Every structure is written in C-alpha cells, then in structure tokens.
Amino acid sequence: MTDQRKTLPASYYTNREIYHAELENLFCRMWICAGRSERIANPGDYFLCEVAGESLIVTCDGDTIRAFYNVCRHRGTQLCVEAEGHFGGPIRCPYHGWSYGLDGRLVGAPHMDERAFRREQYPLHAVQAEEWDGYVFVNLAPASQPLAVQLSALPGKFAPWGMRDLRIYKRIGYEVKANWKLIVLNYNECLHCPLLHPALNRITDYLSGTNDPPEGNYIGGSMELRDGAQTMSVDGQLRRDYLPGLDQDQRRRVFYYAVYPNLLLSLHPDYVMAHMLWPQAVDRTRVVCEWYFHPHEMAKADFVADDAVEFWDRTNQEDWAISELAQKGISSRAYVPGPYSPREGLPSAFDQWILGRERRTDTLSPVPADLTHGEG
Amino acid sequence: MTDQRKTLPASYYTNREIYHAELENLFCRMWICAGRSERIANPGDYFLCEVAGESLIVTCDGDTIRAFYNVCRHRGTQLCVEAEGHFGGPIRCPYHGWSYGLDGRLVGAPHMDERAFRREQYPLHAVQAEEWDGYVFVNLAPASQPLAVQLSALPGKFAPWGMRDLRIYKRIGYEVKANWKLIVLNYNECLHCPLLHPALNRITDYLSGTNDPPEGNYIGGSMELRDGAQTMSVDGQLRRDYLPGLDQDQRRRVFYYAVYPNLLLSLHPDYVMAHMLWPQAVDRTRVVCEWYFHPHEMAKADFVADDAVEFWDRTNQEDWAISELAQKGISSRAYVPGPYSPREGLPSAFDQWILGRERRTDTLSPVPADLTHGEG
Amino acid sequence: MTDQRKTLPASYYTNREIYHAELENLFCRMWICAGRSERIANPGDYFLCEVAGESLIVTCDGDTIRAFYNVCRHRGTQLCVEAEGHFGGPIRCPYHGWSYGLDGRLVGAPHMDERAFRREQYPLHAVQAEEWDGYVFVNLAPASQPLAVQLSALPGKFAPWGMRDLRIYKRIGYEVKANWKLIVLNYNECLHCPLLHPALNRITDYLSGTNDPPEGNYIGGSMELRDGAQTMSVDGQLRRDYLPGLDQDQRRRVFYYAVYPNLLLSLHPDYVMAHMLWPQAVDRTRVVCEWYFHPHEMAKADFVADDAVEFWDRTNQEDWAISELAQKGISSRAYVPGPYSPREGLPSAFDQWILGRERRTDTLSPVPADLTHGEG
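Chains as they are written, first to last, in the working numbering: chain A, 5 to 380; chain B, 5 to 380; chain C, 5 to 380.
Same shape as in the complex, but just chain A (with noise of 0.2 angstroms):
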C-alpha cells in the first residue's frame, strides 16, 4: 500500500508564532524577490519594498545595486515614504537632515558637537542586494550565500526567456486574507483547474505536462498549450511574436516556477509574468503581479497586452478566492490533515521543504534583534 501524503496541520496556517518562525526562518534569512532591476536603471532611482514587516530602500549606486533599511540613524524617522522615486544628491531625513550617500554613508549631520560625533559610526544599515535576469533580490541576514547558491540550477533553466530584456507592462496589488503558503499550494497544482478556472482548462490541458524532481529551494514544471492554442491569454490567441529565445517546445509550453520563498515565475511563448508574495499576517498576504514583455513588442506601434493581463487578473481572483477559503475551512476545529492524490506531488513537496527548512534553521542561531553593525 502507497504511503499517502497528508496536509500540513492547522497551526502551519493558524499559529502566529509559527508565522513569525518563518518570516524569521524564511523571509529574513533568504534572498527574498524585491522587485525588477528596470525600476532602478539610473544611479539614484529608488523604490522602497518591505520583507516581515522591515521597510527597505532599494537603490542604484553607480553600477551597484544597493539596498538599506529605511531608518535614519539620527533619531530612527523613516527617511523615504513614495514607493518609488529619484535621490538627486544624497538621501535626506526629512525631520533633521542627517545625509547619506548613495553607499549609506553619513555625509551630513547639522550641529552634531563634532568632537563628540564621529560620521563614519553611523551609515545607514546595508542590507544584501544581488541581481539575477532583471529581478532584484535582497537578503536581511548579515551573512548568507550568494543568490546564485539558493537559485542553482534556474538561471540556466531560465536563460531562454532572456528575463533580463523583458521590460513591465503592468503591475497590479491584492490583499488575499489566506496564509502565503496557501497561495504557493494553489500555484503549485492545477488539479483545481477544471472546476476553478474554465477558461484557463480550455487552453491548457491540466493532465499534460511534467514537473521537475522537487530539489533545493524551488518546485516547478510545465503544462502543454492544448491545439489551437497559442499562448495564455482571454481566447489563447497569439497577440506578439515569440520571445527570441525560445525553442520550438518551449513555444508550446508554459512554465510554472515556485522560487522559494516568494517569487512565482509563470514563463509564457510571450510574455513572462511574476508574482511575489508578501506575509503580512498569518491570514493575510499581498501578492504583487506583474507582467512582462519584450520591448520589441512594447515599441510597436499594434502592441497589445490586455489579453494577457485580463486572462490572469480573473485567474488570480479566482485563485485568492479559493485560497480565503481554504484559510477559513483550515481554521475550523474540525480541519484534519487531509491526503494528497497522487496528482499533487509539488504542494506535497513544497509541505516537505517547509518542514525540512524548519528542522534545519533550529540549530541556525537566532537573527539579532536589533542589528547592532556599524555601530560605535
């Protein structure tokens, strides 16, 4: 007899000191997606994101791309409040002027008693940045492995889609009252496709398809574009030429990637779209999606993406819908770990990871609570 995967129990979706476990374990100790690269092409762009709870600023330095949590070392005010904007000289606290380069730091500190005072003690507390193909990671531990460690095999994997060149056409926010993990679980399974999502089951078929062996620290595989069907988009039409990159199966797949622990990436004939996952409670995340063309396309003067987007916004609201009641069902006294067909081996997978990474950072010593670098 098979042995048979079950679910996680209730308190993986429940219990607020497991949720903080994991943004501990999880969100502030691996590179996290913060966003794309494109956001900040010139020195002195900047757009703010916030991992477990931690307001960072991400910014370009000359040709390095920076990162800092947004707190003034003066009397702790937060320094930048837009999500996006321009540092046209240094970055300013707006309450008392303290000033710091573009590297964090302290160029300015109006009426510090200078014998006192010594500026090289207090820059602005870095954060780890790295790129990969566009996107944007940052990592909250002081000391971790490089990016290129956690991702592995995927930039290879990737490297037909030319991520890099791609360039946003639309970004749209939701507030999903569900777990994060909940979210990964929907992404990671199409067996829900048939009942949930009809028009996406008239383009792909949820039966085709094969996954990746589950290995470090993402899940994945892809599913066969039905006859007929081009791309996803409202009516599975083609609306722009293939990425440049792609082969001839790569053209009649999509692809479907979680990268541990918040980025989704759906690689389409086309177009590439993304989501990132932000826990803001234990029942409550932000999913950022965002869509991506090449600018060929985006430069012609014909260019449409709408079908795509429209295709994936009722999907994803179709998605967020279900996964808040999952959350709620899970929250009931009755909820038991139920069992996995045979036809969910990536959330069983994605269940597993969860539990071993546990294991693992119990013998990782504790993040400091209040960072104390740079400090006199």
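Worth flagging that the hints you see were computed from the coordinates, not collected in a lab.
None of these values were measured; they are calculated from a predicted model.
Hints may contain errors.
The list cannot tell twin chains apart, which means a pair is met if one copy fits it or any two copies do.
Dumping the calculated DMTMM-like pairs for lysine to aspartate or glutamate here, alpha-carbon to alpha-carbon at most 25 angstroms [unchecked claim]:
1) LYS174 / GLU314
2) LYS332 / GLU179
3) LYS304 / GLU314
4) LYS332 / GLU88
5) LYS161 / GLU134
Put chains B and C on the given structure of chain A with help from the hints.
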C-alpha cells in the same frame, strides 16, 4: 436582613479567557438554536450558521435534518459560502471537486489513488442536529443528552402557540458591541422599561406579571397587556387573529423566555418573535431577530405585520444601545459588582446559572481541539 | 570627550507592557490636564474626558469642581455619552434610573429593598480634581500630592499671561499614529524647524532663545521673534492687542513648555495655545489643540484669529506626519538609539525624566485594579 445578590465581576464581561471558556462549555456543549426548520423544508435545502466561530452546514437529507462542519476532508476548504441555498446533487467542494452525499458520505474524490485511499474514511465531520417545534438545534459535542432533556418543561409550556406552524415574515441582524450575557440580562427584566422604552411601557405594565421559578436551562415569565392594548405593536392594536391555540389568559399576556444559551423567545397573542445570540468576541455579539406569523394570516390579502416589526426593531435598538453602555462601564476599573433589586430576580438567576454551569463543567473532559472521528 | 546622550531604546515606543506601565505610573498617578474650567462655568455643566481608557465626568457642583468615573453603581452602565452638556437635576443613569447628586451621592435607586440597601454605600466613584489658571486637572490616584506640588514654579512663571481670563476660540482634535512621547520630543526642539516648518522658521529663529534648566515635572524655554515678526501667525503680523500682563521682553518671545505628562503650553504675545495628549495605544495618540484669546479682543467687531489657527494647524500636521515616520522607523529591527546633538537638550531631558520616573514608581504600591472605596 435580606441577602442581597450582586452583579457578576467585570471579568465575566471583559476577560477573553472566560469568554472562550464560555464558548467551549456552553456554546460547544449545549444545544444551540440554529434557525427555523422551515428554511430547509425540502431535501437538499441548506443554511449556514456559525457556532463559536465554527461554520456549520444545516441541511435536509430526506426526512432527516443533518448538520456538518463546513470543511472539506481533502485540503480543508470551506464547502459553502452562501448563507442559504439548495444542493441540486451532492455537496461538492469548489476547489478540487470532492463530493459528499447529503448524509455526509464521501462519494467522489477525483484522482485519488484508489489502492491507498478509502472513501469511507473521509465523511464530512457531522454535528448533532434535532428539531423542536419549528426550530433546528445543533450540538457540537459528540455525545450529549437529547435536546428534550435540555428543554425539559418548555415544549409543553409553549405548545399552545403552535410555533411549528408559523412562518418567518422578517429577519433583521444586529451587531451589538456588548458581551452576549448583557443581552440576556437586558432581556430578562423590564425594570428598565419606563425609562428606556416609553412606547413599550404604554402597552404592558412593567410591574405586572409573574416569573417562573428559575429552573434548569431557561428563565422567563409573562407581563400583562394594559387595558386597551391587545398586542405588542406600534399602537398596541391587534391587526391579526389570535394564534389558534391560545386561551383567554394567554391572549392577554406576553411571555418572555430565555432558552439558554442563545435563544430568546417572545410569545405574543398573534405572533412570535425570536432572538438568536451569536457571540463574536468578549465584547461583541451578533443578534438575529425573526418574526413569525400564522400562515393563515399571511395568506390574507390585507395582511400587515410591520406594526409589530417596527415596534420591536425600535425596542431592540434601544436595548442594544444601553447594553453597549453597560459593556463600556463594566470595562472600567471603577466598576464593582452592584446590588440587584428584588425586581431583578431573573437577571440574578441567570448569573447564578452561569456560575453553576462554570463549576459543573470543570469536571467535564475538554472538547478535543482537533476532531478525530471518522479519521482512518 | 563629551558624554553623548542617545535616544531611548525602541521598546519605549513599541512595547505594550511599557506603554501600560506608563499609563499606570504616569497617567493614573499624576495630575492630568482634563480641559478648560470655562467649559463648566455653571453648576451642572459637565464635560467628559478619558484618562488611560477611563471615561470621567468633570462637573461643577456649586463652587466645587468634581470628577467621577462615568460608571453607575447599580449595574455598571456608563451614565453620560455626550462629550459635554448640562445636568438639569441629578445625574441619572439611563438604564434603571439610579440618580446621583452633583456631589456624587446616590439620591435615588428605584425598587431597591430599603431594608437591605443603604444609599450611602453607593456614591459615584470620585476622582480628585483641581484647577490651575483656567485648566482643570484630575488625578486618578486616591491619595496624591496637591496639584501645586506637581506644578512647582509654573504658576508664577506663567502668571503674566493671565490664562484664567482667556477663552477658547477653537478646538481641533487630531489622531496621530505615534507614541505620545514622540509628540513630546517633537514639541521640545526646533532643530527640525528649518526643514519641516519653513513658514514657522521665517517667524522665529530656531537657534535663538534659551531653555530653562530641566527640573521637576516640566521642561521648556523660549524663542525670539525675528525682526519684522510680531507673533506666530500665517504672516507674522499682530492682529490683536498684546495680552495685558506682558512686559517688553515677553512681547518679543514665544514660550514653549511641556507640562508633564499631557499638556503642551505655547504662550504667544497675543494668545495661548495648548495641546493635550491622550494616549490611545502604544503607537497612537489623540491630540486636542485649543487656542485661547482675550475676551476683550474676542468682543471686538473686527476680531480675527484664523491667522493663528491656520498657522498652527498646518504646523501641527507637519509635526504629526514626521512623528508618524519616527514611530515607523523606530519600530524597525534596524533601529538602535542614536545620538542627540547639543541642541536637543530638552528631548534628552524628557527621556531622562521618563527613565527616572520609571525607577521611582517601581517602589510604589500598584494602583488597585478594582476600586473599593465607597463600598459597604
């Protein structure tokens, strides 16, 4: 010198642990009025109710009333969203399509590996359900006394009103920022009527009537209609025939009973009103008020009933406002239990019931946090 | 090398236990400014205020200012709802009609059994109340030093402004998402004025003026009006006579005093402004700002005052916005105490007072959770 009863300590109205203990000891172990059986007159009809935060499906399976936790046995998704409706076939989960008969048995589970999976191990989690005189009661405790034991003398006492034959004319829901017990206390004395309900006070004499000696799981009594008044309505005039089973004395009185813990029954000469209390938090209660009339009257071309609805809707709102002020004042550090007057015997009896019930359930084994019945 | 003071640890602005300890040790044991006595000029006038979550009735009983917990001694109901009003007779509970004289004595208790019940055992719970120069102060501690001891030198210092004679022109309430102490810190330095308040900075020189040596329960100092400026208003011009008691020096300065813990007094040549701080949560404060003018001026046909109100309303909003950014930044794990400049002596002194007060009250007996005075 008479021994003077005092109100309960503040913690009974402000402490979350006591509140949750009440949910467990009262709402999860007693029979709770879920609503009228006329709402599920036909097989497949259903309505949802929420007991102690648990969403329940109440449905009609042939001649049998059944209740289930609203939780799929696959991945825990809530099965139903609409407050009421009809199952045309099996109860199907909107996520991956697991399907259940109206008796709760799992009848479909797509893509499960039938070698390892046995459907009979995954029925819906059932909840006890019984009917009394047109009302459905549910009980979350797996083993409990029959409903008749909890109701004791009530069925005989209320038989003349023929509640089973009546039909819902109107339902109004209220959100009250007060502990549920303050609403029960408010319901059980009319000493406040001259000041708070001048309209009501013109129809019944708050010093008239008699109370039953408190016993078992209810308290109540009656008040006499004043000369010239015929029923509780905006002007005290009767616009409908008397309910058929009432004698002369019953036609001249209004009967008020609190059927512990969540049903308040108000029996008038020509109609019946019920309040169902649904605690939401230690300081917040949802109250659903329904008005029932005789179908013979409702079939008449000149049937009117808003005189009764408006009268009680206004009175309800006066009662909720004062209950909210009681909640606020009792939450003050200055609050200390105050003395009941001899005319507040029923509120005091309710307090004593709460204290007695608390003691009794100390010796009961706790309700399991996770249900395990039906688990293979 | 100068010893450098630093800001307080984050917990003083984010930890709920410290917040509640501050409510107990400061707001429940010190004299708190409740509002202007002109609001209860006539016997029976009253207004409500809320200290540490406790609703209080402040009223005028003949020549005596009295304050009571807003809680009926019968069943704990709040007696008053309106923010201010007038008792035409006794204070009557809207629930069952218990009535109290303006001195708090119970004068009516319908239907109580007079053999067992003694009215003198159930007066309203009284709170200490005193007046200083037009302001009512209350003190929840049953036994405390007189108000004059807490104020020490302030009454003499502020006598020239004749605050008792002034009258309220305008009241504006603000909800600020910041700890109450951040608002006190912000009030006590003008180093932020050039950047944050350009309009204010044109009228006074932030490097001018002197501060009192910090002592006792207040801090403060003055700033000089720039040449050409006559008062704090939208254009710096004087539209009202000087307050009658001021000398030449006082006419050329603005005086800012934080009267611990909840009153900020701003004394101008021609008017007085007060901020009263009402902590609502560790990260939320209600601020009530009032502007007072001389009645001789207010009686003039061409009296205007919106130049002063608009000026400060704008400045207030700038201060609340930056205080909210401080709250956010300090809540980050990256926050560590930062260094004060020599020009931030008053904020540092306030921090030291907080720390000192904390130590002192460690040795005091706790305020009783339930009051028992007046209990038979």
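A quick look at each hint next to the structure:
1. Taking the closest pair of Cα atoms, LYS174 and GLU314 come within 25 angstroms of each other only inside a single copy of the chain (11 angstroms); across copies the shortest separation is 42 angstroms, beyond that limit.
2. Taking identical chains as interchangeable, the C-alpha atoms of LYS332 and GLU179 lie at most 25 angstroms apart whether they share a chain (16 angstroms) or sit on different chains (21 angstroms).
3. For the identical chains of this complex, LYS304 and GLU314 are intra-copy neighbours only, at 20 angstroms inside a copy versus 53 angstroms across copies, given an alpha-carbon limit of 25 angstroms.
4. Proximity of LYS332 and GLU88 under a CA criterion of 25 angstroms is satisfied inter-copy only: 18 angstroms between copies versus 35 angstroms inside one chain copy.
5. In this assembly of identical chains, LYS161 and GLU134 lie within 25 angstroms of each other by CA distance solely inside one copy; the values are 19 angstroms within and 60 angstroms between copies.
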